[in-house]
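Protein chains: 2
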Amino acid sequence: MASSLHLSQALLARAVYLNSDRTSSLSSTSSLSFPSLKPKPATSISSTGSRRRTASTTTVRATAETLDKTTEVSLVEKSVNTIRFLAIDAVEKANSGHPGLPMGCAPMGHILYDEIMRYNPKNPSWFNRDRFVLSAGHGCMLQYALLHLAGYDSVKDEDLKQFRQWGSKTPGHPENFETYGIEVTTGPLGQGIANGVGLALAEKHLAARFNKPDSEIVDHYTYVILGDGCQMEGISNEACSLAGHWGLGKLIAFYDDNHISIDGDTEIAFTENVDQRFEALGWHVIWVKNGNTGYDEIRAAIKEAKAVTDKPTLIKVTTTIGFGSPNKANSYSVHGAALGSKEVDATRQNLGWPYEPFHVPEDVKKHWSRHTPEGAAHEAEWNAKFAEYEKKYKEEAAELKAIINRELPADWEKALPTYTPETPADATRNLSQANLNALAKVLPGLIGGSADLASSNMTLLKSFGDFQKATPEERNVRFGVREHAMGAICNGIALHSPGFIPYCATFFVFTDYMRAAIRISALCEAGVIYVMTHDSIGLGEDGPTHQPIEHLASFRAMPNVLMLRPADGNETAGSYRVAVLNPKRPSILALSRQKLPNLPGTSIEGVEKGGYTISDNSSNNEPNVILIGTGSELEIAAAAADDLRKEGKTVRVVSFVSWELFDDQSDEYKESVLPASVTARVSIEAGSTFGWHKIVGSKGKTIGIDRFGASAPAGKIYKEFGITKEAVISAAKEVSRNN
Amino acid sequence: MASSLHLSQALLARAVYLNSDRTSSLSSTSSLSFPSLKPKPATSISSTGSRRRTASTTTVRATAETLDKTTEVSLVEKSVNTIRFLAIDAVEKANSGHPGLPMGCAPMGHILYDEIMRYNPKNPSWFNRDRFVLSAGHGCMLQYALLHLAGYDSVKDEDLKQFRQWGSKTPGHPENFETYGIEVTTGPLGQGIANGVGLALAEKHLAARFNKPDSEIVDHYTYVILGDGCQMEGISNEACSLAGHWGLGKLIAFYDDNHISIDGDTEIAFTENVDQRFEALGWHVIWVKNGNTGYDEIRAAIKEAKAVTDKPTLIKVTTTIGFGSPNKANSYSVHGAALGSKEVDATRQNLGWPYEPFHVPEDVKKHWSRHTPEGAAHEAEWNAKFAEYEKKYKEEAAELKAIINRELPADWEKALPTYTPETPADATRNLSQANLNALAKVLPGLIGGSADLASSNMTLLKSFGDFQKATPEERNVRFGVREHAMGAICNGIALHSPGFIPYCATFFVFTDYMRAAIRISALCEAGVIYVMTHDSIGLGEDGPTHQPIEHLASFRAMPNVLMLRPADGNETAGSYRVAVLNPKRPSILALSRQKLPNLPGTSIEGVEKGGYTISDNSSNNEPNVILIGTGSELEIAAAAADDLRKEGKTVRVVSFVSWELFDDQSDEYKESVLPASVTARVSIEAGSTFGWHKIVGSKGKTIGIDRFGASAPAGKIYKEFGITKEAVISAAKEVSRNN
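So the protein sequences, as listed, match chains A and B. Heads up: the first sequence begins at 1 in the UniProt record's numbering, then just goes up one per residue. Heads up: the second sequence begins at 1 in the UniProt record's numbering, then just goes up one per residue.
By construction, these hints were calculated from the structure, which means they are not laboratory data. Accuracy of the hints is not assured; some may be wrong.
In this list, chains with the same sequence are indistinguishable; a pair is considered to hold if it fits within one copy or across any two.
Straight-line C-alpha distance at most 20 Å; calculated PhoX-like pairs for lysine-lysine [as the list claims (entries may be wrong)]:
{"hint": "1", "residue 1": "K392", "residue 2": "K212"}
{"hint": "2", "residue 1": "K649", "residue 2": "K699"}
{"hint": "3", "residue 1": "K699", "residue 2": "K670"}
{"hint": "4", "residue 1": "K365", "residue 2": "K78"}
{"hint": "5", "residue 1": "K93", "residue 2": "K716"}
{"hint": "6", "residue 1": "K161", "residue 2": "K716"}
The following block holds chain A by itself, in its conformation from the complex (with noise of 0.2 Å):
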């Protein structure tokens, strides 16, 4: 290839180029290590030229003459107003979206994916590839543009024409599930710097546990870049503040600080601190006061930040939303609707831009065009190092590629525990701690905690320590009172890996805290496990805000998740087989406060098919009645059974520990655990009956709880609402003589 000297000289620039990155962070580590608690003012970089700025830009401004000797500013420019106008031209077309921010950030945007970041756009997948994450979303078409650029074959330039419509590959907001090159989904705001830290996690914890004093062999950065309304969002301040508590040295966030927001001014409700904020939550920040022409101060800030090994960045970037629109930039005006054909007229005239819509000027496309075969040499060279450190290292080599390829060892279901109705009875929360410390023994990529409620939700991984600033190879997360942050920085740890299995924990009902993220798990397509112990009124005194009533219901009705209630520890070890095996999904297992025994007929493989029959004394397939419980109201179901079989009656128990299971069965299968025919049926489950008239059907009856719940011992509470073995006999008496 004529490129190939050019190329591997420019591989070994950058390999200076890092190289010396890292020496000078090191040689600065022993003062940066001992933050002082007073504050400084962010380090400011501006095109007044300052000592650190000119040391800086120098050295930025070396190293990419000698990346490419073609990018002079005139080029640069060219290159991010080709994104500018990609960006408006789309929107333009759709009639729909988000030009503001494209406009302002394609100079950090071009700076990225063009100087900075390695990456392979015919690998996406790429294991070593930097991480970039646009979290303020709406402004996808900087990343569609960007991603086109580079080579992605994703994005295509009918694609960008394609934006925003039926099947295209460049939806409304950024997709992971959609367009290879997205590393997640966006679009819900601070999801996506939560995402972030997710990442910049798993990469810190991988490279802590298999990198090697020889072979740095997991080693990329994360960048972000969000927004003000990403800034005000509760869950960015819960994710950065573990990012700062956790040192995130590889985290680097630009914030596109252009004080408009869809309602106007920044000014009428956002007018906090943010660099303190950030300095209080232990980050390194820097302010970059003009990122719309000022290239050199964006690469002297991200040097700076990659020298800050330590704690993560937040580079402040002060941009013009819109930049190059005469008539709408800086204004709110530009932040969701396209310009109009009279304004996007006025901008080509503005910025200089004679070309058509969707034109990528030659000496562009040539430009960019590197990254094909840079990428390609990037992976080539991560893929020998991966050789040698295999040859030295099998074992850590073997584990690393189970993370990253999520190759599960062949028997590891046998680690899975099983019960006989003799084993004592035991609350479901602690049967879910002996699977979860059965599967990290087997299971590499298993990592995760609770939302400061370890030692109620009982997630603690007894053979490892707490992945800690100093410890990261660790693997018990300790993510303070942040459940939202908690899921959403598992939703990064999922998609970082497809083998990695993170976990989560908290009180089923402050899943009200994290739905977002939960909603992004099930649409990003990110496998978290959710563990959410103290599932009902069963857990007693701390009463209505601490009980859960319709979050099952809730959580069946969201698609693509599946909701699990293991009544027992052979449906507690189904659960976690059923979660591990779907890595697309993510699992929710609903488990107890209270003990519940081990009845007889459950089983791992029945949790598969979602609900199945327990126990039958009936032989044609028709039973009087069927019974139908989940979770800990199986264990009154089954009582209800014994004594209505006593009085002569042919019962069915079903459990129906997940809906959506039991719907993916054949109409077979379904038939032979609810028979047409058996319409006298009764559900039993101390939550919301919302719902449950599909399963019972119109002649049947539900007992739950459709109020709120009390403050009461949980005896107490489960006598007082009727959730009770007298009930269900009641009620099986009742659609008995009526059907």
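Once you've looked at the hints, dock chain B against the given chain A.
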């Protein structure tokens, strides 16, 4: 009364005290109103005598002496220990609860309720009372003990002994709907501080609207105690950022800085600099280093906080969790479990507490007994003041009274707009704005806004300006992109005075960000109106991250929520009518982005029934088929009915605007709309079909969306997802055949 002279002296002294407070704060305003951008370290008040401390504690001491000669330190300590042991004993008896916080926070609790706050224990809803919120709700025994000592009838001796028992007035977390004297419902962390922001907003708003140079008729403080858990939650950062932005000078929050959360030392997950973060958020920050015994330090901090009138104040009070317990203090084991009888004994020994469980020493009882007459005097004084006010400012007094007592004008409903089928089609979000603006003119307590989507949610009140620091009398609240805090702040506003009707808005899908606050609305009986636009795939291009699917079902399953999905103008007006008429149930209005026609047969009155027939060409309550729709799909059902009728079928079309309201109807009414004999039923709704089987029955059909949405123009998605007239007709024919 024997104490009347003493009492009036005390009141006089307090008036002088408060007045001097204000004078000093006014004189310092000029320097305070130009806060330096450079962060300062928090003012530290410790036992080492600083100038500030000496000055302020002297003043406070003098005031305390004037107030009551008997408040010597020994009695204060005795009172504080009474609080501690009431908490210890109640938790011990229940064998459930959280003794650690009350033991650590008893000093600040004592000072607040005994020395600082103005309230009337015999009328807990006296309008001008100071509000107190225990955001760290798990420590509720602190508040129960304080209410008990202060003379609230809601917490008698026997109530303390019934802590966390069925039907008691002392549930496991503070619940305003169970216990008079509790302002809001807390427990889920972070909610309380956000409620506090809402309470303080309400005060600032009313004060600006109704106070006159000669009469400060609205004038109270809002005090909050929050812990490390609250601080970690994103909602608290959202709410506190707004509090700083709004300059809520009468919000004083005590941060119980005890370094312990459930999982152990906060070092494991919470190492940010909280002081600095709050300064960044625009708060005044004071550090009380000795919260365990530093009574004068606490008093001085409150005095300083009151002097800062343009910023909320965070008083960081460093305490020892479980103070007094020789073996469990300062450890997580005292956080959420009874001490155990041995440790209770050791603590009695350690703190020199010879009394039996639940004993309140006579001198403590006597000391606190003055709050009953004092409280009555506070209220009487205010009533007299109000009578004066009413004479001078008749109109304002009437409006304020309407807010205090939720007096709706007799003809308020006439303000609701009405529509005919000839009225041009419009989006229900626009119709909603017409209703909001019409209602704002007749309902003085209507106040609210959007989470940075005012121009999309259509929530601006055109006759009012923005509620801002300098214009708090206005009624458009700009929440920024902070949905969770928005909901909780509205809960605070709603619970401040019954006549407040707060509304708040975002896209319906982002209820996921604020679900915990909405659930608290429902539980605590706060009649917030949630204006949720962009309620389905009908929003189009923004795609699946923005398209609600499961949200209708998820709220229909939530107790005490009114989930309303109006189909057109009349139903939107009807929904607002229902919302205003249900002050103890939050209403969620799901509103369309897209235009909808005004349908024949819809009505304001119909909405009240939840489900009602809008058209029917059958004669005997036995149509061939019943088509049931909501919101934007009612139009489709109506169109399908037209076509089916042309083919000779008898078809009833039912609008099912609110399931909860329909559930509330009589069996006769229900039968008149959905006769049991007509099992041929088809539902259509652009959302999850989950739950619909209860309505359509085993033989009916549901048309809906049980997957995530897609990014494309709305019409295209409707077609691709089969939410069409043709699908309804086909389903109708199928169910007619089969039934």
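**Request:** Up to 20 Å between alpha-carbons, please classify K93 paired with K716: within, between, both or neither.
**Result:** between (63 Å within a copy, 16 Å between copies)
**Item:** Within, between, both or neither, where K392 and K212 count as close if Cα-Cα is 20 Å or less
**Value:** within (10 Å within a copy, 82 Å between copies)
**Request:** Please work out whether the CA atoms of K365 and K78 approach to 20 Å or closer within one copy, between two copies, in both situations, or in neither?
**Result:** within (10 Å within a copy, 80 Å between copies)
**Asked** When no copy is specified for K699 and K670, does a C-alpha distance of 20 Å or less occur within a copy, between copies, both, or neither?
**Response** Both: 18 Å inside a chain and 17 Å across chains, each within 20 Å.
**Prompt:** Between the shortest in-copy and the shortest cross-copy C-alpha distance, which are at most 20 Å for K161 and K716: within, between, both, or neither?
**Reply:** between (63 Å within a copy, 17 Å between copies)
**Asked** Between the shortest in-copy and the shortest cross-copy C-alpha distance, which are at most 20 Å for K649 and K699: within, between, both, or neither?
**Response** Intra 18 Å, inter 27 Å, cutoff 20 Å: intra-copy only.
Of the numbered hints stated above, none is contradicted by the structure.
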